[in-house]
Amino acid sequence: MKQIALYGKGGIGKSTTSANLSAALSARGLSILQIGCDPKRDSTRMLMQGKFIPTVMDLVRTRGEAALSLSDIVFTGYNGIRCVEAGGPEPGVGCAGRGIIATFHLLEKFGALDGDVIVYDVLGDVVCGGFAMPMREGYAQEIYLVTSGELMSLYAANNICKAIQRLSSRVKSKCRLGGVICNARGQPREEELVAEFSRRVNSAMVQYIPRAHVVQQAEVNQQTVIEYSPESAQAEVYRSLAGRVMGNTRLSVPTPIETDELESLAREFI
Amino acid sequence: MNLNPLPVNSSRLGGCTLTGALSVTTRIRDAATIVHGPKGCSHHNFSLLHATWLDNDEVLLPDLVSTGLSEQDIVFGGEDALRKALDKATGRNVKAVFVLSTCIVETIGDDVEAVCEQEYGIPVIHIPTAGFLGGTFQDGVNNALITLAGTAKPCSRAPGVNIIGEMNLEYEVEENYTEIARLLGCLDLPVSLRFVHDIPFDRMSRLGSGQINILRNPALAPVGKYLEQRFGTPFIPSFPHGLSDTIAFLESVACCCGIDGHESVERERSMQAEMIAAFGDLKGSRAAFDNTWPGQEGLAAAEELAGALGLSPGGGSDTRLPVSPAVGTTGMRRMLHRWRRAIHA
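Protein chains in written order, with this note's numbering: chain A, 1 to 270; chain B, 271 to 615.
Possibly wrong hints are sitting among the right ones.
[To be verified] Facing chain A, from chain B, some residues (calculated, C-beta under 7 Å): (1) 329; (2) 342; (3) 344; (4) 345; (5) 346; (6) 347; (7) 350.
[Said to hold, decoys possible] 30 Å max Cα-Cα, derived DSBU-like pairs, lysine-lysine: (8) A:40 with B:354; (9) B:309 with A:109; (10) A:174 with A:109.
Treat the hints as calculated values from the structure; they're not laboratory data.
The C-beta atom is built at its ideal place from N, Cα and C for all residues, glycine as well.
This is chain A alone, in the form it adopts within the complex (with noise of 0.2 Å):
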């Protein structure tokens, strides 16, 4: 079983991407589960008819714990997916971090991390432990940053990169970083300057995804691009790192830029 995780800024187009993923490694004939780690919730939408499923934290509260089972937070979408979404408190209140950490545990307890593919998609950043949890022991041992050209999503990427070397310390953390994910948004030499981050912290860029509008089309018909025009050039693109990231062998412990360094690199590519 391979459990792969992405991260990156938000609103960078992770869950696009982590549906699209899923949506093309199913194709294959693979068994897949993803999992959304992000109290917003959306990650699995486009893999559900845009239905908002129940998230397991908001079941625990309203059914209580002991109530429910697997069929009860599992929910089978397009192509026989199986989504989950973690889900958490209202903004502003609680701690998501530890609904994360909730919710691996009844995961774990009702034997449902299983299948050939495992897709984390993560909020943001790793603002703490508990968005830490899908990179540690037993879990995501493969990392992908999800990035466009610009500054701060390069510096969202770069963070991330520290919390992937601070858990590889570890003496058991099989957590390395499979690659970068550049989600353009087309901004001229964009590939080129993703690219060059990507070897700057020991890694390299495993899939150009182009900015094209039939995403955007896909989305407001609630399905992934896969499912919505699967002869399209940009239904191929995740068929793409659909089989790079089956084949990747490439796993490495990131070396993380200073700020400096990210700064003077992005001026070198405007």
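Start from chain A and add chain B according to the hints.
Coordinates of chain B only, in the frame set by chain A:
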């Protein structure tokens, strides 16, 4: 933070802020205390308070209520659980409710103050007590006393003295109080208020009327200063430890209250001399101090007492004399009885 495990270090300078504040709020007879956190935080303290009071011959149950937070409350926020506990506690026959916070609710950012500010019909008083923020047991005591003092209004002076910050969890809390009351009685000064030991909530309104405040120990200085600022009441920084310290205590209380204390001081001196004479059988005995517990002031008092008695403390002897930070002349007498038992054992 104090990580030194020696008992003398672990007694009050370490410890939990929550426990310190509870040692104060639970000694208000008609008030309830809510511990906002997991139930273990309450249980542990309930046991400690109950067991300590039993050792002091007081069969009492501390009025503690836990909000009993579970993992769900931590994830979604614990404010609802606090509101429920407050509705319940304020509906009982109590004059006030204290709300003490724990580490976890400070970590997740519950707005305890805002919940406490809602209207419940009786005073609801929040005392922040999350231990992990670096506070000690003593900080918990001080915060609780200062918060409580903030609820008392300034009022006109009346004859009498306030006792501030008694160590409610020490074994000799009553003996030490009785000794201070005796010493004050020598100067014809009544005790106005024990702030806080076994008092009804409404009596705290007397706090501002005291002529002077007598602090239990110097670590309460922030409380003494706060009271001085709020009510203009001067304070004596500590209960006295040892013979000469007791004399000095009488002199400074007399001076502070504008009383001529010479006669009382002389009577106390002769009482001390009679006491030393009564233990004349210990003169010349060889013994060493067992100073596991007492701290500086206890040891200084014991050395002075041994000198007055003609004991020769030092090495080479298997006899260990117990040393405790006993208060006043009668505290020295209790210590002498223990010494006699140790020497004649």
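How the hints compare with the structure:
With its C-beta approaching chain A no nearer than about 39 Å, residue 329 (chain B) sits outside the 7 Å limit, and its interface hint is violated. Interface restraint check for residue 342 (chain B): the shortest CB-CB distance to chain A comes to about 6 Å, inside 7 Å, so the restraint holds. At its closest, the beta carbon of residue 344 (chain B) sits 5 Å from a beta carbon of chain A; the interface hint therefore holds under the 7 Å criterion. Hint on residue 345 (chain B) holds. Least Cβ distance to chain A is approximately 4 Å, under the 7 Å limit.
A distance limit of 7 Å between C-beta atoms decides the matter here; for residue 346 (chain B) the minimum to chain A is near 4 Å, and the interface restraint holds. Hint on residue 347 (chain B) holds. Least Cβ distance to chain A is approximately 3 Å, under the 7 Å limit. Look at residue 350 (chain B): its Cβ only gets to about 10 Å from chain A, farther than 7 Å, so that hint breaks. Only pairs whose Cα atoms come within 30 Å are accepted, and residue 40 (chain A) paired with residue 354 (chain B) is accepted, the gap being roughly 28 Å.
As the CA atoms of residue 309 (chain B) and residue 109 (chain A) are separated by approximately 25 Å, the hinted pair is consistent with the 30 Å bound. Taken as a hint, the residue 174 (chain A) and residue 109 (chain A) pair is honoured in the structure, with Cα atoms around 22 Å apart against an allowance of 30 Å.
Checked against the numbered hints above, the structure breaks hints 1 and 7 and satisfies the rest.
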